[in-house]
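Q: So you can see what is in the structure, the chains are spelled out below.
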Amino acid sequence: MVIENLIRQFLSGLSVGMVIFIIAVGLSLIFGTLKILNLAHGSIYMLGAFLCYWLTSTFSTAPGIFWWALILAPIGAALFGGVIEIVLLRRIYGWHMMYQWILTFGLVLFVGDLCKLIWGVGYHMVSPPWPFKGSVNVLGVFFPSYNLFVMVLGPIIFCGLWALLRYTTLGKIIRSATYNPEMVNALGVNVPLVYTSVFMLGCWLAGLGGSLMAAMSAVTLGMDASIIIECFIIVVIGGLGSTLGAFLGAIIFGLAYTLGIVVFPGVAIGIGFIIMAIILIIRPWGLMGRPE
Amino acid sequence: MKSLWNRIYTFRAVWLAIALIFLFALPSFLSLGHTSLVVEMLILAVAACGLNLIMGYAGMVSFGPAGLYAVGAYTTALLIVKANVPFGLAIMAGPVAAAIIGFLVGWFCVRLTHVYFALLTLAFSQIIHTIIFQWYSFTGGDNGIVGIRVPDYIASINHYYYFTLALTVVCLALMWMIGNSSFGKTLQAIRENPERAEFIGIHVRIYQLAAFVLSSFFLGAAGSLFCGFNRNVFPVYAHWIKGADIIVVCLLGGMYKFLGPFLGSILYITLDKVTVSFTEYWPLVLGLIIVLLVLFLRGGIAGFFTEKFSATTIRGSREER
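Residue numbers (my numbering), protein chains in the order written: chain A, 1 to 292; chain B, 293 to 613.
Incorrect hints may appear among the rest.
To be verified - DSS-like mimics (lysine-lysine), calculated; alpha carbons at most 25 Å apart, straight line: (1) A:K172 <-> A:K35; (2) B:K534 <-> A:K116; (3) B:K534 <-> B:K565; (4) A:K116 <-> B:K565.
Don't read these hints as lab results, they were simulated from the structure.
Next up, chain A with everything else stripped away, as it sits in the complex (with noise of 0.2 Å):
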């Protein structure tokens, strides 16, 4: 009972952690290029989310419309991203933290209420797709098989996005857009381009996590304030900027939040902040980032 237990958490620790990992690898990678640290990333999950439910509850009787969704959500997240990033936050760049920082809030509040205005209060579900419908036995424990593909699709996700780093030009062009822009740009490459797509990319993998999310728990105003915190104790863990380090932290994290509302649960939600703080003190720049 007790191993059932023990299994069932930890496949459900993984799961979450592989969902917020999708998420939290996009404010990485913004974080990394852009120097910016987006508060109002979670409120583009929140904007994917709703996008998703609103699809799949307009087209509900269209055959396969989550996976539909499933691609429509984060590209119309991404598009989102993309009007923000070219109408504010390219102004920003380079200003004091706070200032990008309260810039952000005020998005927060911003997509916080179009969400409302749109969408209203309540809560939403969306429900699992086929053929991820019902249950399979992992070792004894009957576990749902979507949050069996969510767990698929996060390493996916991470060697995509590793690939596209390592191995495309675009991938050459953002890595060396984070160490010296002005360089990149003398080079003629269109760098504000690059920081757009860039953060395009990172509000699509939002969207993309907020549309995974919607079929796992409620689609409900207020996700964005907790996920974006969420988010910060992944990258913190892993290190501002890196895609291996938000792997490894969402995993972490997954898992230390799961197995803890089992051993402790009184301390279980304060658990990521209890390690994002030592991590923290300890070794500010995180597992996998370098010493400033």
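Once you've looked at the hints, dock chain B against the given chain A.
A: Coordinates of chain B only, in the frame set by chain A:
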């Protein structure tokens, strides 16, 4: 225009006296509802000025002021409800407790810089939030602590207004003295150039820690005052959204002026109540205002006026880019 500002600035003692008389007379021509709004403004002003000690003066951007604010509020509430401590003592214990917690938190935080400092303050603030939220048997969890009794002589709104006014004036005077002492000047030197400050023999971390503790003290004082005003305390006081409110107030008024956060809190609460009266989508409007403010008015209201009317900046203001 410039000479006008200088003339105004020269007679600031007179203006201060006029402002105090005005504030003293205020409840006699305001309704009770409006008086309680002014109480909220004063309390928020204490919190924002307290935060400004580290943000504006010392240039340390904290994302976790709400945690220390909540420590003040909960200390007062718990002492009254659990230990039957007299109100006056409980309200003095709030800031002291916040300063002690601020010392523990600051001890770790001042070792870090920039974004890491900010994130660590955020982490500690959220830890405080979790403790308050989870410890049902002691803090009441998310039910908060309701029905805190205050003594009869400050039970009415008008009386509590004078009580808050007196404490606010004391707090602001103390903060003004701190800001203009050699200690405050040293903090500004550290803000402008920490390396150079270190080279001329200033122990930067000790100064930053001291500023953090003082700032915590005043944040705690604001929390205690609010606890007495609202007579209920809730874990949401420690949530990072509340902290962001305080930071926005600082920016709104202008961080590099002493009275900036004070003006910011007046404007913030006025905006809040005015927009709420004709739309339920107040965060939408506030979000837009914040975005526009950051883009076009980074010095805040106070910064805007001194830039327009002042011959010299009063106290080394700086637009940081």
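Q: Now, for every hint given, state plainly whether the structure supports it.
A: Now the hints, each set against the structure:
1. Of the supplied pair hints, the one linking K172 (chain A) and K35 (chain A) holds, its CA atoms being roughly 17 Å apart against a limit of 25 Å.
2. For the given pair, K534 (chain B) sits about 20 Å from K116 (chain A) by alpha-carbon distance, which is consistent with the 25 Å threshold.
3. A threshold of 25 Å between alpha carbons decides the hint, and for K534 (chain B) with K565 (chain B) the separation of about 17 Å falls inside it, so the pair holds.
4. Proposed proximity of K116 (chain A) and K565 (chain B) is supported: the alpha carbons are some 20 Å apart, at most 25 Å.
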